[in-house]
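Assemble the complex: chain A is given as a structure, and chains B, C and D must be docked to it using the hints.
Protein chains: 4
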Amino acid sequence: MAGIGVGLIGTGYMGKCHALAWNNVATIFGDVERPRLVHLAERDAGLAQARAREFGFARATSDWRELLSDPDVDVVSITTPNQFHAEMAIAALQAGKHVWCEKPMATSLADAERMEATARRSGRVAIMGYNYIQNPVMRHIRTLLDEGAIGTVNQVRVEMDEDFMADPQAPFSPRSEKASGYGALDDFAVHTLSLLWNLFGHAEAVMTDLGKPYADRPLEAGGRRAVENHDQANVLLRLAGGISAVLMVNRAAFGRKGRIALQIFGSKGAILYDQERMNEFQIYRATDRAGEQGFATVLAGPQHSPYGSFVPAPGHSLGFNDLKVIECRELLAAIAGKPYRAVDFSEGLRIERSVHAMAQSFAERRWVDVAAG
Amino acid sequence: MAGIGVGLIGTGYMGKCHALAWNNVATIFGDVERPRLVHLAERDAGLAQARAREFGFARATSDWRELLSDPDVDVVSITTPNQFHAEMAIAALQAGKHVWCEKPMATSLADAERMEATARRSGRVAIMGYNYIQNPVMRHIRTLLDEGAIGTVNQVRVEMDEDFMADPQAPFSPRSEKASGYGALDDFAVHTLSLLWNLFGHAEAVMTDLGKPYADRPLEAGGRRAVENHDQANVLLRLAGGISAVLMVNRAAFGRKGRIALQIFGSKGAILYDQERMNEFQIYRATDRAGEQGFATVLAGPQHSPYGSFVPAPGHSLGFNDLKVIECRELLAAIAGKPYRAVDFSEGLRIERSVHAMAQSFAERRWVDVAAG
Amino acid sequence: MAGIGVGLIGTGYMGKCHALAWNNVATIFGDVERPRLVHLAERDAGLAQARAREFGFARATSDWRELLSDPDVDVVSITTPNQFHAEMAIAALQAGKHVWCEKPMATSLADAERMEATARRSGRVAIMGYNYIQNPVMRHIRTLLDEGAIGTVNQVRVEMDEDFMADPQAPFSPRSEKASGYGALDDFAVHTLSLLWNLFGHAEAVMTDLGKPYADRPLEAGGRRAVENHDQANVLLRLAGGISAVLMVNRAAFGRKGRIALQIFGSKGAILYDQERMNEFQIYRATDRAGEQGFATVLAGPQHSPYGSFVPAPGHSLGFNDLKVIECRELLAAIAGKPYRAVDFSEGLRIERSVHAMAQSFAERRWVDVAAG
Amino acid sequence: MAGIGVGLIGTGYMGKCHALAWNNVATIFGDVERPRLVHLAERDAGLAQARAREFGFARATSDWRELLSDPDVDVVSITTPNQFHAEMAIAALQAGKHVWCEKPMATSLADAERMEATARRSGRVAIMGYNYIQNPVMRHIRTLLDEGAIGTVNQVRVEMDEDFMADPQAPFSPRSEKASGYGALDDFAVHTLSLLWNLFGHAEAVMTDLGKPYADRPLEAGGRRAVENHDQANVLLRLAGGISAVLMVNRAAFGRKGRIALQIFGSKGAILYDQERMNEFQIYRATDRAGEQGFATVLAGPQHSPYGSFVPAPGHSLGFNDLKVIECRELLAAIAGKPYRAVDFSEGLRIERSVHAMAQSFAERRWVDVAAG
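Protein chains in written order, with full-length UniProt numbering: chain A, 1 to 373; chain B, 1 to 373; chain C, 1 to 373; chain D, 1 to 373.
If we strip away everything but chain A, and leave its shape as in the complex, we get:
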């Protein structure tokens, strides 16, 4: 049986990451047909040709609409800049393709809503690239919570921090423009919300403080320009079931490179996780013998499905790109009509709404309920 036909739009880093996933998913899992890498689109025709050769795609085009009209293409990876997501995803769905779109959905809530509506009507699979939930460690944490391993959860803290905006002398960039979005809320809060959703469901109410570490930044041409959005956000949340939570994101946090730290406290124990050490988690069991209770650092291994499909020995580490292979496997399951775990456009829209509610809360200095949509 022939494998699914893949189209890829965009060949920047996330495009490469999708290409690796499509190339590896059959080798890793062995239980899906090897996808056929059919068509690749990149704005520049020469680059498109080069990337197709590197990534192993059969055809290349500089016109993404041509890719969408290719009948051999069953599913389309969209990895272009955010402002193109809506147009491309909607066109792909309307052309009858399944869609795998990088996050965030779109640059406006209205666009995200149109994407979600189109996907709903299309009957096609449409999922977002929230790959952190695919980490075997994160999936195992979800299983532990479902089992009640730490009892009823009553408090959650989540932090996501990097430092690419930390240097006050770095020149003003589009990332600091209002047009690019709220700042840390768009870049990071969406990721943390995907993790919270996966474990606890969506946020129900939010209370936000935003922080702007640097009022302005130097222009390359001389002079300075005022920063128009916020590199930091601190949010009080109420999750489903009344769990109280705090969400903190900061893209100007010196020293943090890829931190996504979770602290989950329950009535029988606690679980900790940090994405900078994505191959481990910590668990504290109140039922362990007094005198030997402590956070156990558990290294990822075959018990944490599907780690074993990558490496048979525990403690040998998966990498960031491997998570995308797992996401790809979930996408194929969805297309095959099987149970899957991924952020589809409906859940993705809810995440977008949460982010907008956070921004509104800051503007109005009050708690804001997140519309259930």
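Treat the hints as calculated values from the structure; they're not laboratory data. The reader is advised that the hints may include incorrect statements.
Put simply, identical chains are the same to the list, so a pair is met inside one copy or across any two.
In the EDC-like style, the derived pairs of lysine to aspartate or glutamate whose C-alpha atoms are separated by at most 20 Å in a straight line are [unchecked claim]:
no., residue 1, residue 2
1, K268, E66
2, K268, D167
3, K103, E330
4, K268, D72
5, K338, D70
6, K178, E228
7, K268, D216
8, K268, E177
9, K268, E292
10, K338, E220
11, K178, E33
Positioned in the frame of chain A, the structure of chains B, C and D alone reads:
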């Protein structure tokens, strides 16, 4: 020259801790006269006698007012339950004694205000037992911030967590009664505020969410009783200079035993600290060579004054009780009219006000400014 | 230009790992032609077909000699059980193929010597799969040592520990038979020697103690059988230049899953590494300011070549399988006649000799010099 | 009842540490009579007076023999430089005093043997200051091993490293003279042997390699002088019951400040400890549920006797000086004829013999059995 005459009221754990401090301060520092342990008060006369012998005090009494009238007593340690602080501290100050009072100041804001007013008028030294600021590591962090080692601070997160209220099956205790205070705010937020004050000054505005992990708890006699205060608090803060901060405290956080975690981000680096590993801190310098930048874990040593007065070699660890000896040394400096670093009644009152503002914020679901007093 | 033609013999875990590397090397690096996956050999014909489909190979065979006679095959990956390495590698070299052979070289020193001699005469590239040296972190450590970042190295400790033999109730397996080799020396010491070689050169003299934690193990059929080799080895070494070192390996070390811990001390600092956290290393610089000296934990990032070819952001983690892609890139460089870094058959033979010298040292209870070969 | 009468000879750092212990032991434990600080000896009469006032001793002398003839003195702390230990300890025992002597016993094996013989004949208590075994965490580890919590131990690694000799530009000091001893063996190996003894019994056979990181060092006056002993030692050991072990000590290990790292592997789990984080240990239990097995980091607390005598709450840290208070409590138990745990002169002599055997092993390049004595 004879050393200062010491009276100690209360001989529970904090009383013992004060006794150790008074016993050790001269041996450790060598630059103060050895205090004379004059008089000890404990409610039960027999216990008072026994403790005086154990702790090395010359006289014992079951009547604390008798101790206050002892002319040999120059300074009084007050380590009794919180509800007695106001009466004893005010009486001691009025008797012309210096006062070293355990935190929190009092069980009502009005009492704290009377204590502060009395201290101000008395001309005596009156300090609170906020010993975490005395950790040589914490003092060094302050020096680093003052020097600008991590540039201008723009974001702070502080957490204080323990798990003595984490077990939902633990019987209802007075700690869960409204009369004992707000809960985690009184127990823990005051400590974290003392640390923030020491490094950045007082909180200016607060926005609070409180959490109650367990609605009720079992009674020893059978049945259940509703919990009346909150084991968890999450607070958005604005510190002096507009620094945005988050304060999180939880006395029901399984696995945490004595955690006070600080994350401080600045324009040139970052500093981390965790009280559970009180003999180290971490610093990230953006000026280190690219490729070798990372958080350096610095072990406490003689460079971190006054560590060297306790142990001459680095990496050999001070303990919790040692911090009280340093606090005692600061108290003696204050009495001698020298510069000192400790939370006096004036700063202590401001901390109490911050806590009350936090509670008000939760009740009114809005940002509350902290009165400067 | 057509990419190199690849043959793969063996499709167990390491076969899969090679397949992933051949599939990904062009996508990741973009500067090599995409290899053509030509021929795959697996003992069972049906399995060979299935794996070829999964892994993306064009042809499949149950006869590895058929693969060697395929003129489209330029390079052969040998990932079969150890006892087949010698025969296959020699035949492949004699057929004019380049060879990429998993470690260890062979089950006897004589075989390893024949392999090395054949490779030398063949003019083909023949490298071993010692992939840990390819970790960008490890490569960066090498650069740091070369630069003198920690001065002259004077002491090294290396540990490699896992726990797959730790359970005394696990049934007797071929791993405990004398025929399978010395035990921990073959399984682990070779890996640590590849790391030491990469950083410091080969061992010159060794003094060994071996440990047998369990004298016998249960047989599946009942009864017990004596363990014939050693799960533990502790070795004193002298490295080139007289550096004193200790090598400790243990495949019965409960709790260790993939630990390869290096401690390197020099005249200006120290470097630490642990494979269980393969995306970080620690460096201590004696030149940092007093009071802020400590081991800095550096997260892997684009400064550590070739990390950036996998992920553009630091702190996002590579995985075990990614190291094989880097090794593949080095192999292609070697074939192209460019500088490369990998363990070729000549260095591999020296590693084998070191292991045999270690075993001899234990048997004769004395220091043994390692023949330079 | 009057407390025991204490004499203290030597008031450097260890003298201060003993003074603190004598001052605190009754306050901390409450179950021993408060010792009377009777007599203090220090070479300089003025300094003796000053220290007596600081430390709380009633009398001071510049002649230690005068202290020994004071009938009020029941027990003598000897904290002078090593070369005086033998003469003072023997004189004290002959004067009918109990003795608490800092380690190492003496600068020659013959002296140590005379000390041990004198102690044995005297009927007095004579113990050495090996305080690391008194850490509540270490005592708990011993209990765990006795209970079989990790099964039968089959492998041990112990490291002790500091960096006070790491700087090659530091001037030549007496520590590098042959007269001061073997170097790291005397400074550090004795400590690690005390820990091993406490947990497993004495070493039975040793095989040693010594390392000299710097052949010579600069003289203050100009020129250089050859280093006469070894800053590094690596030792293969066989402990009682055939446990294989490795002991590594290095006083020139940059970055290490007070590291004493233990790794203990058994048939049911493993235990880790590091003195730089003396308030925690790690335990791995093979019986934990698969998927959640990992090293649990246990923070010291009241379950680890006698931590609770210092602080009632877990996770609040003891310090180095606190260990001496526990040792003092053991000494008082010994004097009272009760069970105690400390290194007496008999065990201390065995430790000295082990060290000499290590040196002999290096000189003769062979395994050496340690005489049982």
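Q) Hint numbers the structure violates, sorted upward? A) 1, 4, 5, 8, 10, 11
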